[in-house]
Amino acid sequence: MTQPNLILNYLSKARWLSPVALLLLWEAGSRSGLIPERTLAAPSAVLSTLVDMVLSGELPSNLVVSGGRILIGLAIGVSLGIILGLVSGLSKQGEVAVDPLMQIKRTIPALALTPLFIVWFGIGETPKVALIAFATVFPVYLNLYSGIRGVDVRLVDAARSFGLSRAEQIWHVILPGALPSLLVGLRFSLSISILVLVVAEQINASAGLGYLINNARDFMRTDIIVVCLMVYAVLGLLADAFVRFLEAGALAWRPSLVG
Amino acid sequence: MNAILSTLQTGFTRQFLRYEDQRASSSTANTTGGLVRLRGFTRRFGDNAIIEGLDLDIAPGEFVSLLGRSGSGKTTLLRTLAGLDSAEGQDVTIPQTRAVVFQDARLLPWKRVWRNVALGLRGSDVRQRAEAALREVGLDHRLDAWPLTLSGGESQRVALARALVREPQLLLMDEPFAALDALTRFRVHELVLRLWSVHRPSVMLVTHDVDEAIKLSDRVLVLDKGRIVAEERITAPRGEREILTVELREALLSKLGTGRIEDDADIAAVFDDKPNIPF
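Protein chains in written order, with the UniProt record's numbering: chain D, 1 to 259; chain A, 1 to 279.
Same shape as in the complex, but just chain D (with noise of 0.2 Å):
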């Protein structure tokens, strides 16, 4: 094979092609007044300006308001979702009790509850925090309550043989289980958790992500509107990438997983 042909077959298998050429298409179009600054700032300027709002302290003050928000909501949601499950999961009684309840809730898009709650709550960090929470509970509750009912019985009948107590028999056999489905659910939650704060930080918001979106859209800035939004981005990738850490290390004993 000549040399220009080998770089012509490298480049067909590389996909990170297509994204860089459409990042230069973008500058160009941009470099050239077709696509004016109003509509969408350049890739350049937006570097610039994601390098100035770090060193000026504006990014990271804000990040850290809007993790807040994130980690106390989903704190919340998570144990009010795992309790819950444990409950319905756990018990015959349980599970009447709860799951109606959490089979009405789920009808309700977490979202249409915003005016409800700005009622209730006012315009402060609560509705934020509570919005969070209210969409995280259910994916934690529906996985981690289908993976207990899922757990194999041979194995809960293996160690009732041994002389297990129920509480034994949970700790050691339904909730290790139950955890693959735990973790799906956790991973559902975390995402939902930055989408519903995208919503929830529109709330007059004088702090956060979407405080600074706002702003930017009030000056035209769509420079820190595409700043913004990469950062957004860049919170799904680590939440997903926390839930595959969390993985690895708790189910190492998956034959995928093992070494």
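Hints were generated in silico from the structure; no laboratory data involved. Among the clues, some could well be false.
Unchecked claim - Per the computed footprint, the stretches of chain D lying under chain A, defined by three or more beta-carbons under 8 Å from a beta-carbon of chain A, are: (1) 149-162; (2) 170-177; (3) 244-255.
Unchecked claim - Quick list of simulated restraints, FRET-style, between CB atoms: (4) D:55 with A:145: 44 to 54 Å; (5) D:154 with A:52: 25 to 35 Å; (6) D:75 with A:145: 34 to 44 Å; (7) A:145 with D:180: 12 to 22 Å; (8) A:96 with D:255: 33 to 43 Å; (9) D:167 with A:52: 30 to 40 Å; (10) A:145 with D:11: 41 to 51 Å; (11) D:191 with A:179: 37 to 47 Å.
Just so you know, even glycine gets a beta-carbon here, dropped at the ideal spot from N, CA and C.
Chain D is already provided as a structure; the job is to place chain A on it using the hints.
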């Protein structure tokens, strides 16, 4: 047939070979009273009687095999002896300490091998006891392995160690060798006999392999439709049973059924309206 068998059996001079020499005399063990005692035991699911009016005694240290076809009630009986199904209101005596080896080893995949063996044990020397048990089955080099990385034979040996580490009075085995290849099965047979001769639990082995039952046990029971339809005591030393096998095998197999379709009403019904299917 039974007459022929008994003359055959008494024809053997009782020799203490291999496994026999480590055993307390089984005849004295048999007179010390039943470790397991069932009288008129019945289990139904709805109108369907799985087991009906079953009497069973197992002496301490006795190795009993239970033969039966699928659906004969073997597993139901084993679950009762294991205490997994409640036998409330029935005349059933089972010992305090029991352990089960299942056909599928049923190791917890999220616990390392030694933790599976130590499951539910209490005390400070749990790790040492688990190690000792695994050494007995020749797996002390796999202490920290994940169960899903074990072969079928290794998994069954871990299950065996997990059962024996509890020093059970009654060891129940539910077709534990069925999924193993012939060579591995043979080795695990030897291992089971050696462990039995050392620890001396009563053993109830559920199997559908007649040769396996004859090779391993003191007594073979045949269960059919929830009743014990045949019982054979084998006194010939293990290792000298090849001659017995032919005759006894015939006798036990005839009790199990011929393997013809007509013997199974459900399957026979399928062929009722198409009697002449050429195979």
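- Item | Verdict for residue 167 of chain D, residue 52 of chain A (Cβ pair) under range 30 to 40 Å | holds (37 Å)
- Note whether the CB distance of residue 191 of chain D and residue 179 of chain A lies within 37 to 47 Å or breaks it. holds (42 Å)
- Starting from the range 12 to 22 Å, see whether the pair residue 145 of chain A and residue 180 of chain D falls in it by beta-carbon distance. holds (20 Å)
- Message: So is the region 149-162 of chain D in contact with chain A by the C-beta rule, three or more residues under 8 Å, or is the coverage claim wrong?
- Response: That given contact holds, which follows from 8 residues of the region 149-162 of chain D lying within Cβ reach (below 8 Å) of chain A.
- Message: How does the region 170-177 of chain D fare against chain A when you require at least three residues with a CB closer than 8 Å, holds or violated?
- Response: holds (count 4)
- Query: Taking 33 to 43 Å as the hint, is the beta-carbon distance of residue 96 of chain A and residue 255 of chain D inside that range?
  - Reply: About 38 Å separates the Cβ atoms of residue 96 of chain A and residue 255 of chain D, which means 33 to 43 Å holds.
- Message: If I claimed the Cβ atoms of residue 154 of chain D and residue 52 of chain A lie 25 to 35 Å apart, would that claim hold in this structure?
- Response: Given range 25 to 35 Å: holds, Cβ gap about 26 Å.
- Item | Range agreement (Cβ of residue 145 of chain A with Cβ of residue 55 of chain D, hint 44 to 54 Å) | Hint holds: Cβ distance 52 Å, inside 44 to 54 Å.
- Are residue 75 of chain D and residue 145 of chain A spaced within 34 to 44 Å by their CB atoms? With Cβ atoms ~36 Å apart, the hint holds.
- Hint check for residue 11 of chain D and residue 145 of chain A - Cβ pair distance inside 41 to 51 Å: holds (46 Å)
- Would you say the region 244-255 of chain D counts as covered by chain A, given the rule of at least 3 residues with C-beta under 8 Å? Our answer is that it holds, as 5 residues pass the Cβ test (under 8 Å) against chain A, meeting three.
No hint from the list above goes unmet by this structure.
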